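Chemist: Below, each chain spelled out in residue letters.
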Amino acid sequence: MNLFILIAVIVVVVMYSYYATVIRNKNTVLEALSGIDVQLRKRYDLIPNVLTIAKKFMEHETELFEKITQLRTQASNAMLGSKEKFQAEAQLDVQLKNLMLNVENYPELKSDATMVQAMKTYNEVEENIAAARRFYNSSVKILKNSIEIFPGTLFASFAGEAANLSYFETDVQSKQPIDASKFL
Amino acid sequence: MDKNYIDIQKKAFSSEFYEFCRKKIKIIMQSVEQERKRAIYLIIAIASIAVIIFGTVVVSNLSALETIIFQYKQDIFSFVFLYWSIIIVICSFIAKQFKNKAKKAILPKILSFIGEFKIVEDPNHRSVLDSYVSKLNLFNTYNRFSCDDSLEGLYHGLNVSIDEIKLKKVTGSGKHRHTEKIFDGLFIRFKSLKNFSGETIIRLNSCFDFISKPKVNLEDPEFEKVYDVYSDDQIEARCLITPAFMQRLLVLKKKKIGSNIVVSFENGMVHLGVSSSKDWFEVPLLQPATNIANYRAILLEIVSILSIIDIMKFDENIGM
Chain A
1 MNLFILIAVI VVVVMYSYYA TVIRNKNTVL EALSGIDVQL RKRYDLIPNV
51 LTIAKKFMEH ETELFEKITQ LRTQASNAML GSKEKFQAEA QLDVQLKNLM
101 LNVENYPELK SDATMVQAMK TYNEVEENIA AARRFYNSSV KILKNSIEIF
151 PGTLFASFAG EAANLSYFET DVQSKQPIDA SKFL
Chain B
1 MDKNYIDIQK KAFSSEFYEF CRKKIKIIMQ SVEQERKRAI YLIIAIASIA
51 VIIFGTVVVS NLSALETIIF QYKQDIFSFV FLYWSIIIVI CSFIAKQFKN
101 KAKKAILPKI LSFIGEFKIV EDPNHRSVLD SYVSKLNLFN TYNRFSCDDS
151 LEGLYHGLNV SIDEIKLKKV TGSGKHRHTE KIFDGLFIRF KSLKNFSGET
201 IIRLNSCFDF ISKPKVNLED PEFEKVYDVY SDDQIEARCL ITPAFMQRLL
251 VLKKKKIGSN IVVSFENGMV HLGVSSSKDW FEVPLLQPAT NIANYRAILL
301 EIVSILSIID IMKFDENIGM
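If you read the sequences in order, they're chains A and B.
Using our numbering, read the first sequence as starting at 1 and increasing by one per residue.
Using our numbering, read the second sequence as starting at 1 and increasing by one per residue.
Quick caveat, the hints were computed from the structure, so don't treat them as lab data.
Since the structure is predicted, the reported quantities are computational estimates derived from the model, not experimental observations.
Accuracy of the hints is not assured; some may be wrong.
[To be verified] A short list of chain B residues far from chain A (calculated; beta carbon distances all over 12 Å):
# : residue
1 : K11
2 : N61
3 : L62
4 : L129
5 : R177
[Said to hold, decoys possible] A short, non-exhaustive set of chain A residues, derived as facing chain B with CB atoms under 10 Å:
#  : residue
6  : T28
7  : E31
8  : A32
9  : V38
10 : L64
11 : E127
12 : F135
13 : N137
14 : S138
[To be verified] Calculated cross-link-like contacts (lysine to any residue; reagent style SDA-like; alpha-carbon spacing at most 25 Å):
#  : chain 1 : residue 1 : chain 2 : residue 2
15 : A       : K141      : B       : I211
16 : B       : K168      : B       : Y230
17 : A       : K42       : B       : F196
18 : A       : K144      : B       : D220
19 : A       : K120      : B       : M312
20 : B       : K191      : A       : Q117
21 : B       : K194      : A       : K141
22 : B       : K215      : A       : Y16
23 : A       : K141      : A       : G81
24 : A       : K141      : B       : K313
25 : B       : K191      : A       : V116
26 : B       : K194      : A       : A118
27 : B       : K194      : A       : S111
28 : B       : K166      : B       : D220
29 : B       : K313      : A       : E126
30 : B       : K168      : B       : V262
31 : A       : K67       : A       : P107
32 : B       : K194      : B       : S307
33 : A       : K42       : A       : K110
We treat Cβ as the ideally placed atom computed from N, Cα and C, and that holds for glycine.
Just chain A, with the same shape it has in the complex:
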């Protein structure tokens, strides 16, 4: 009798620890997602400042500026963790890289003190975004491992919507090598 009770207690403890692990991993994924959003907010706040400085010198790049502004609005309004947000962010990544490459054609802009500071801040923000995405991917991996490996599968439903989140991936366009000669 005592043995049965002991076995039952052990089973309950083990099951509870699996449940707690899934919940913990789910919360970590949500934390990571929120972490990306915090870093992206910094980028959204930075973009108008960069465009204002760039517009003074790059009068003929209005199309690029409009595209960036549109993508910024789209990305900041999209829901956290949604496919639309990831796509808008990926396209915004590409356009911002194009902008930074175009800056190379304007030596006066490149050496402008406020632009130098803005580019430095932009680089730091991009590093933080990359780090936040790495944390997100790592959290998603850990969550997926915990709910796809038995007996974690019994508790997969407790992961909620977080279980359906996919890894952050760059889109096809940004995987293409950039031809710098187009901008020089």
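With chain A's structure known, arrange chain B on it following the hints.
Modeler: Just chain B now, kept in the frame of chain A:
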């Protein structure tokens, strides 16, 4: 000084170093050689006297030796052990005294060859360093601290401090006294070129690490097999420990100097713990002090330490 460690290494084997030794430290080398001979003669004299005394005691009691050993076996062995231990301690003390004297004389000159390094001579340095190290999460808790040599200088724009330290944890007393070695090697620190506010620690994989910070799981499986990373900010940790950084640390691990290296980013500083039981910057007792190869060896030790900064690119403000 703009040269990297490879340039200094080449210079160590060039005629430039030979000329430097010949012109700048020849007189010091000669006086160190005299000190060395004095130390060796003293050690030989003490050892000889010890042998004579021991031999005399044994020979004068030869007839009763067997009886004495049989009756007082344990006491005899304890006495013999204690006697020779004292002799060895005295000889080691004399050797250590010579090495310290030689180091104080030679090391500043060798550092002047590199350019911008010097020995730290502040009497408060050890207590300040002990207090500083005890607050870091780089090493486990300790209660015994000793510091042998301390250097500081400028390398590639970084103010680098290098301290040869030993950390121990002593528990219990008497027969139950237990001494655990926490760390023995070089403690290197410099200001980080990247800004960070939290604490991130990289330690070798161990089941016995009890760090209160959350673990950071990184993407490189090879890195994960070797190192455990802890940080109070997951994103900041990944800003500091990029995939390139992980690769560089693994490359460094394959080199002799980096085989047991731990890293922490705390208080805006980068801290490195290079574990090594060798005595750094030592002038050997049993080799002539006029042999330039000895000083080249010291220079190469310093070069190997500085190589860590180059290999890890701590002197560049890139994505770590």
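Chemist: All hints, please: hold or fail.
Modeler: Okay, the hints, checked on the actual structure:
1. Every beta carbon of chain A lies more than 12 Å from that of B/K11, the smallest distance being close to 36 Å; the non-interface claim holds.
2. Listed as a non-interface residue, B/N61 keeps its Cβ farther than 12 Å from every Cβ of chain A; the least gap is roughly 70 Å.
3. Once the 12 Å rule is applied to beta carbons, B/L62 is consistent with being away from chain A; the minimum gap is 72 Å.
4. For B/L129, the shortest C-beta to C-beta distance to chain A comes to about 32 Å, beyond the 12 Å cut-off, and the non-interface label holds.
5. For B/R177, the condition that its CB be more than 12 Å from all CB atoms of chain A holds, with the nearest at approximately 40 Å.
6. The criterion of a C-beta within 10 Å of any C-beta in chain B is met by A/T28, whose closest approach is roughly 9 Å, and the hint holds.
7. With a cut of 10 Å, the hint placing A/E31 at the interface with chain B holds, because the nearest CB-to-CB distance is about 8 Å.
8. The restraint placing A/A32 at the interface with chain B holds, with a minimum CB-CB distance near 7 Å, inside the 10 Å limit.
9. Taking 10 Å as the C-beta cut-off, the interface hint given for A/V38 holds, the closest approach to chain B being about 8 Å.
10. With a cut of 10 Å, the hint placing A/L64 at the interface with chain B is violated, because the nearest CB-to-CB distance is about 26 Å.
11. About 5 Å separates the beta-carbon of A/E127 from the nearest beta-carbon of chain B, less than 10 Å, and the hint is met.
12. The closest approach between the C-beta of A/F135 and any C-beta of chain B is roughly 5 Å, which is under the 10 Å cut-off, so the hint is satisfied.
13. With a least beta-carbon distance of about 8 Å to chain B, the hint placing A/N137 at the interface is held under the 10 Å criterion.
14. For the restraint placing A/S138 at the interface with chain B, the shortest Cβ-Cβ distance is roughly 5 Å, inside the 10 Å limit, so the hint holds.
15. For a cut-off of 25 Å, the pair hint linking A/K141 to B/I211 stands: about 24 Å separates their Cα positions.
16. In summary, the hint linking B/K168 to B/Y230 is supported, as the alpha carbons are separated by about 23 Å, within the 25 Å threshold.
17. For the hint linking A/K42 to B/F196, the alpha-carbon distance of about 17 Å falls within 25 Å, and the restraint holds.
18. Annotation: proposed proximity of A/K144 to B/D220 holds, straight-line Cα distance about 18 Å (limit 25 Å).
19. Distance check on the hinted pair: A/K120 and B/M312 sit about 22 Å apart at the alpha-carbon level, within 25 Å; holds.
20. This hinted pair checks out: B/K191 and A/Q117 have alpha carbons roughly 22 Å apart, not beyond 25 Å.
21. With a CA separation close to 28 Å, the supplied pair B/K194 and A/K141 exceeds the 25 Å bound.
22. Proposed proximity of B/K215 and A/Y16 is supported: the alpha carbons are some 22 Å apart, at most 25 Å.
23. Note on A/K141 and A/G81: the hinted pairing holds, with a Cα-Cα distance of about 15 Å set against a maximum of 25 Å.
24. Distance restraint check for A/K141 and B/K313: the Cα-Cα separation of roughly 30 Å exceeds the 25 Å cut-off, and the hinted pair is therefore not satisfied.
25. Distance check on the hinted pair: B/K191 and A/V116 sit about 23 Å apart at the alpha-carbon level, within 25 Å; holds.
26. Annotation: proposed proximity of B/K194 to A/A118 holds, straight-line Cα distance about 17 Å (limit 25 Å).
27. Taken as a hint, the B/K194 and A/S111 pair is honoured in the structure, with Cα atoms around 23 Å apart against an allowance of 25 Å.
28. Our distance criterion of 25 Å between C-alpha atoms is broken by B/K166 and B/D220, whose separation comes to about 32 Å.
29. A threshold of 25 Å between alpha carbons decides the hint, and for B/K313 with A/E126 the separation of about 20 Å falls inside it, so the pair holds.
30. A hinted pair counts as satisfied when its Cα atoms are at most 25 Å apart, and B/K168 with B/V262 qualifies at roughly 17 Å.
31. At most 25 Å may separate the alpha-carbon atoms for a hinted pair to count; A/K67 and A/P107 meet this at roughly 23 Å.
32. In summary, the hint linking B/K194 to B/S307 is supported, as the alpha carbons are separated by about 20 Å, within the 25 Å threshold.
33. At roughly 22 Å between alpha-carbon atoms, A/K42 and A/K110 fall within 25 Å of each other, so this suggested pair holds.
Hint violations for this structure: numbers 10, 21, 24 and 28, all remaining hints satisfied.
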